[in-house]
Structures are given as C-alpha cells and as structure tokens.
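Enquirer: Now for the letters of each chain:
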Amino acid sequence: MNPYRTQRIAFSLLFMANALILLLVGFVVVVIVQKGLPAITWQFLSDVPRQGMRAGGIFPAIVGTLYLVGGAIVFALPIGLLAAIYLSEYAKDNLLTRLIKLSIVNLAGVPSVVYGLFGLALFVVFFKFGASILSGSLTLGIMILPLIITASREALESVPQSFREVSLSLGASKWQTIQHIVLPNAIPGILTGTILGLGRAAGETAPILFTVAAFYLPLLPGSIFDQVMALPYHLYVISTQVPNVDEKIRYGTAFVLLALVLFMNLVAIIIRYKFRMKKKW
Amino acid sequence: MVIFKIDDLDIRFGSVYAVRRVSMEVFAHEILTVIGPSNSGKTTFLRMLNRMNDLQLNFKMSGTVELEGENIRKMNVENLRRKVGTVFALPLPLPLSIFDNVAYGPRMHGLHDRSKLSERVEEALQRAYLWDEVKDRMHESAFKLSGGQQQRLCIARTLAVEPEVILFDEPCSGLDPISTAKVEDAMLKLKQQYTLILVTNNVKQAARVGDRTAFFLSGELIEIDKTDKIFTAPRDRRTDDYIRGRFG
Chain A
365 MNPYRTQRIA FSLLFMANAL ILLLVGFVVV VIVQKGLPAI TWQFLSDVPR
415 QGMRAGGIFP AIVGTLYLVG GAIVFALPIG LLAAIYLSEY AKDNLLTRLI
465 KLSIVNLAGV PSVVYGLFGL ALFVVFFKFG ASILSGSLTL GIMILPLIIT
515 ASREALESVP QSFREVSLSL GASKWQTIQH IVLPNAIPGI LTGTILGLGR
565 AAGETAPILF TVAAFYLPLL PGSIFDQVMA LPYHLYVIST QVPNVDEKIR
615 YGTAFVLLAL VLFMNLVAII IRYKFRMKKK W
Chain B
28 MVIFKIDDLD IRFGSVYAVR RVSMEVFAHE ILTVIGPSNS GKTTFLRMLN
78 RMNDLQLNFK MSGTVELEGE NIRKMNVENL RRKVGTVFAL PLPLPLSIFD
128 NVAYGPRMHG LHDRSKLSER VEEALQRAYL WDEVKDRMHE SAFKLSGGQQ
178 QRLCIARTLA VEPEVILFDE PCSGLDPIST AKVEDAMLKL KQQYTLILVT
228 NNVKQAARVG DRTAFFLSGE LIEIDKTDKI FTAPRDRRTD DYIRGRFG
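Just so you know, the sequences run in chain order A and B. To convert, count from 1 in the first sequence and add 364; that's my numbering. To convert, count from 1 in the second sequence and add 27; that's my numbering.
Be aware that a few hints might be false.
As the list claims (entries may be wrong) - Result set (DMTMM-like, lysine to aspartate or glutamate): computed pairs, CA atoms no more than 20 Å apart in a straight line:
no.	chain 1	residue 1	chain 2	residue 2
1	B	Lys-162	B	Glu-150
2	B	Lys-87	A	Glu-529
3	A	Lys-638	B	Glu-167
Hints in this document: simulated from the structure, not taken from any laboratory. Predicted, not measured: the structure shown is a model, and the values here were computed from it.
Only chain A is shown next, with the shape it has when bound in the complex (with noise of 0.2 Å):
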C-alpha cells in the first residue's frame, strides 16, 4: 500500500478513537444533564430527604460528601505530601525505596472495594472508630494517597535541579532549598494532583460503603464519630434499594455527584493553566 495511504488510516484511527472519548463523555453529561436538571431546586439542594427518600431533597447526602472528602484530603494530603519529599530530595536508590515505590503502585491498584474492607476491618472494628466520619475519611485518604505521592513527586522532580544546585551553592541548607525554591515551585503540580484525588474520593461508592455511609439518616453529623449520608452512596440506594423512586431524584442526585466532581476538575484545570503561563524558566 502507498505510504500516504497508511498514514491517512492510521491518523484517521487515531483521530476516530479520541472522537470516541469525547462523545462518551458528551453523552453521559448529556443525559445526566437533561434528565437531571429538572430535579434542581433550591428545595432539593436545601431539604432532607423525606417520604421514603421518594421526595424531598439530598442535602444530607451533600453535606456527607463534603466531609468524606474534606476528612480524606486532611489525612492524605500531608502525608503524601510528606512521602513524596522524602522519595524525590532524600532517598538513595536503594532496596527501602524500591519497596516504597513498589507498594505505592500496588497501593494505586488495589480494587476500591478491598479499601473498603480493609476500613471496616481497622478502623471500624480495630480502631474501634465504628462506622463514622473518621473511618470512612481515613479509608477514602488511604485510596487517595498513592495518587497524591505520584502527582506531587511529579511535580518536585519537574523542578530544574539547576535551581537547587544555586540555592546550594549559596549556602543554603538542604530544608532551605526545600521550602524555598522546591516547593514553592511545585505547588501547582501538588495543588492538582490533590484536587484530583478529591474527585475521585468523593465518586467512589465502594470504601465508604462499610466504613460510614448511612442508608436513610435526615440528619446532619454532630461529630467524625457519627455516620453519614453520601451522594455516591445514597444514588445507589435510591437506584436499586427503593422501589418507585422518581426517576427525576435519581437523576438529580446523579447530576449534583457529576457537578461536583467535574467542578473539581476544572479547578485542577484552572491551577495548571495559570500556573503554565506564568512559569519563569
């Protein structure tokens, strides 16, 4: 065949298969959106759910979902932030770090519901945490951290290691190059990588699912000690658990999930997007 020819296929393959993604995506805002949008009013936004949760609104489930995830970030954050310096300015090659970054990677692929196992057995039962705010925000941080390491290292590594070397040369400590040229100059990359992990730990259904969601709980959490509603977990509920649900509260809830976690992505866009234009080197 002419070479031409070739390239034309393959580039229309390649050119065919990305076309796919974006009517995928397209297709699920698309009906999320159309059969969702309805169903949003401040009263559903607002209200607790009553009647069976066949009325009223999500605003537990909402409230829950902010807490998982702002309980999850407070936990992984720091450390994987903390992980992530050691791995990129302090580790030597050697077998301790190998066996880190192994167990990261395996960390990463561990199926979301052996999360959830895994909460209930240490910090539900274990820990004695019971089915709570605290057990499923550190479950959730658990799942997030090997995200977070990943994308911070990332964005330690990408720091010129030029910079350092003159901040050295100044004098300078190893701390001080740290905290004043490294991170600042890798804040963006963690920034986004967090922001990520955030959308993913309030999408999941799986590890909150022993750990702290509450089926039908019209109240909001006094405490971490207390359980939850969840808007992954509560959209499975209405799905499948209860007869005769609307089909505009379902959708509605799915739509408030999407919103969210598409809000936080676009915040992660956002940051990345500054930060490339007013990167100095």
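Starting from the known structure of chain A, arrange chain B on it as the hints suggest.
Expert: Coordinates of chain B only, in the frame set by chain A:
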C-alpha cells in the same frame, strides 16, 4: 597567603577518574585561571573546592583540600559554601525577582532586616556593575534580564553572601564579546577583595585576566605558574601545544 592547599587529590565517579594526584596552592587575592581541553577535570576540580561534587552520584575522593588550614571535608558544608561561592557556566537566575535573587543568600543566613538587606543588595549589584541597569526594576522577574545581565546578576547574588573565594565555571561561555568584557572587568576589580578561580575554555581570556594559570590534561595538573610565564615560556610541551591550538 595561602587560601587553598590541595594535596594529592584524586576524584572519581564510580570507577572513572576525573582528577588524579593534583597538588597545588591558591593564594589570596589572585585570579587563578584554569585551562585545559574538555574532559580534563577542570570543572570537577573547581566543584571540589566548595564540595558541589558531593551532589553527584558515585562521587569518591581521596587526598585533602584545606581552606585556610581547615580540611573542607570536616567543615560544615553550608559554612564552606558561604566562604566559597560559585558562578556557573550558564546564567541561572532563581525564579524570583531581581531583588530576591540577590537577597536569597543573605536571607538564608538569617539576615531579615529590610534596610540592611537593601543595602547589601545594592552594594552587591554595584560591584557586579549591574546596579544602574536594574535599580528601577528590582521587583521584576530576573528572567526578564538579558543573558549578560543575568550572568552579572548571578555574580551579584554570589557577592551578596560575602564570600572569600569565588569560583567561576566558564562564566562567559554563553555571552557575546561585549558582555564578556563587562564580566571580565568585574572580575579584575573583584580580585582586590576576593580570591577568584576561573575555569575557562577561552585561552585568551585566561591570559587576559589571570595572575597565575593552571593547565589540566586528562585529570592531571600538568603545570601551574605565573600566567605570563605559561603563555610565553611554558615548561611542558603539552601546555605549549594546547595554548597554541595544536591539540586534537
């Protein structure tokens, strides 16, 4: 007065020797120029003097380097680098403003008083012949300066730490002749206060600014003597061949 006393210095990376059996002295307030073909170990030698080689993988050394009688391996490395500053081959401003670039070193060493800091920055910029060009734009990014200005900014940044010795690693390799002349002028004035060691690939530059010149070849110090002598009557044939461009 002897600033650096180097005795039987060997440096290798893994199993590859970069510097072999080098012994020499560096005197206060001189400009010592170090010449030699690429891969002759001159940059490695220079980076040894403030232990920048420590950052390299598989770095090994033997022999001793003394700064004013003190073994540099036993010194606190931050203090050593305060006393022995570096200007790198490429202008490498930090991603900060012009002011913050020069203030970086003093700040890291605990100087936070605003007026003292401004004084120190102005003085350093003046000594690097950059003050007049930047005094009205101190808070712009250092990356907005031209290449030659950036390199003088790097010199100012090193001066602001108030070192005793300044190491120049081919500081003009990326500069045009006019910027080069400005950097050379700055160096000649600086030697009244500092000891300068200049590694350069430009033999003419070594002759222009040097008091003494050392010639390195394949990691060995072939010859070190007064610059005039090296360029008129070198003792070793290989030195003569190199400065006359009869190498390679």
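Enquirer: Each hint should be assessed against the structure and marked as holding or not.
Expert: Results for each hint:
The straight-line distance between the Cα atoms of Lys-162/B and Glu-150/B is roughly 11 Å, inside the 20 Å bound, and the hint therefore holds. Proposed proximity of Lys-87/B and Glu-529/A is supported: the alpha carbons are some 19 Å apart, at most 20 Å. Distance hint between Lys-638/A and Glu-167/B is fulfilled; the C-alpha atoms sit about 18 Å from each other, no more than 20 Å.
When each numbered hint is compared with the structure, no violation occurs for any of them.
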